Amino acid sequence: MKRLFGVFLACTLAISLTACSGGSRENETAADTETQMTATEAVTEETAAETETETTMTEAVTEETAAEAETEMTMTEAVTEETAAEAETEMTAAEENILIAYFSWSGNTEALAGMIQSEVGGDLFRIETAEPYTDDYDTLLDIAQAEQQEGARPQLSGQVDNWDSYDVIFVGYPNWWSDAPMAVYTFLEYYDFTGKTLIPFNTSASGGFGRSLSGVEESAPGATILDGFTVTGDNVENAAGDVSAWISGLGL
Numbered sequence: 001m002k003r004l005f006g007v008f009l010a011c012t013l014a015i016s017l018t019a020c021s022g023g024s025r026e027n028e029t030a031a032d033t034e035t036q037m038t039a040t041e042a043v044t045e046e047t048a049a050e051t052e053t054e055t056t057m058t059e060a061v062t063e064e065t066a067a068e069a070e071t072e073m074t075m076t077e078a079v080t081e082e083t084a085a086e087a088e089t090e091m092t093a094a095e096e097n098i099l100i101a102y103f104s105w106s107g108n109t110e111a112l113a114g115m116i117q118s119e120v121g122g123d124l125f126r127i128e129t130a131e132p133y134t135d136d137y138d139t140l141l142d143i144a145q146a147e148q149q150e151g152a153r154p155q156l157s158g159q160v161d162n163w164d165s166y167d168v169i170f171v172g173y174p175n176w177w178s179d180a181p182m183a184v185y186t187f188l189e190y191y192d193f194t195g196k197t198l199i200p201f202n203t204s205a206s207g208g209f210g211r212s213l214s215g216v217e218e219s220a221p222g223a224t225i226l227d228g229f230t231v232t233g234d235n236v237e238n239a240a241g242d243v244s245a246w247i248s249g250l251g252l
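Under our numbering, residues 1 to 252 are what the sequence shown spells out, in order.
Hint data in this document are derived by calculation from the structure and do not stem from the laboratory. Please note that a few of the clues may not be correct.
Claimed, not checked - Lysine to aspartate or glutamate pairs mimicking DMTMM-like chemistry, simulated, CA-CA at most 20 Å apart: (1) K196 <-> E217; (2) K196 <-> D167; (3) K196 <-> E96; (4) K196 <-> D123; (5) K196 <-> E218; (6) K196 <-> E95.
None of the values given here were measured: they were computed from a predicted structure.
Sequences are here, hints too, so could you generate the full structure?
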């Protein structure tokens with residue numbers, strides 16, 4: 001009987017020890033888990049702090065970059081405006097030194113002069129005689145022929161103001177008997193063309209400049225003469241495109 005009781009006590013003690021051992025391991029595991037969670041939370045908080053710092057730095061860099069870009073844009077706009085202003089000033093100065101002088105009886109050469117002004121700006125000057133020509137075409141032809149034969153230089157009714165301020169002078173006229181009207185030669189011979197650029201333009205029935213270009217050159221010594229433009233009277237209304245192309249080719 002005592003032997004059985006001893007065996008029972010031994011079994012009970014073994015079970016108690018096993019239970020205590022298991023409880024100890026469970027407590028140790030729980031402690032380890034809690035430690036790992038605490039470490040994980042610390043790492044997470046550190047990572048969050050680093051992320052927040054990086055975000056703040058990125059935002060700061062972005063703001064700085066945006067400020068620099070805005071500054072560059074402002075500077076670019078300022079340079080662009082300055083360049084545009086300089087170009088406008090140069091264009092205005094170029095327009096101010098251009099004169100478009102023309103003699104017109106029927107109105108064709110006057111219309112052509114207006115097209116040229118639309119392209120280059122400048123001032124218009126109408127060459128007019130002190131004694132106006134007749135309105136009758138047949139009578140006009142007789143007068144024009146007689147003036148050519150005589151080498152006449154009809155008196156003009158007006159003068160160009162500030163002649164010295166012009167560097168480029170367009171001179172236009174109709175073709176009368178294969179030459180320029182004698183009034184045009186009066187104009188050319190009156191003014192000093194030394195150092196100036198002379199550009200002829202002309203309207204005609206069919207003969208173009210005729211022999212007038214040699215007369216223009218002789219009457220304006222010292223001028224640099226560029227290629228002229230001629231068109232028939234019945235095509236003047238449609239000549240704007242050709243005038244524009246001609247002007248572009250002059251390199252003014």
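Status of the hints after comparison with the structure:
The suggested pairing of K196 with E217 holds, with an alpha-carbon distance near 12 Å, which does not exceed 20 Å. Restraint check: the Cα-Cα separation between K196 and D167 comes to about 5 Å, which is no more than 20 Å; the hinted pair holds. For the given pair, K196 sits about 14 Å from E96 by alpha-carbon distance, which is consistent with the 20 Å threshold. Between K196 and D123 the alpha-carbon distance is near 16 Å, which keeps this suggested pair within the 20 Å criterion.
As the CA atoms of K196 and E218 are separated by approximately 14 Å, the hinted pair is consistent with the 20 Å bound. Between K196 and E95 the alpha-carbon distance is near 15 Å, which keeps this suggested pair within the 20 Å criterion.
Checked against the numbered hints above, the structure violates none of them.
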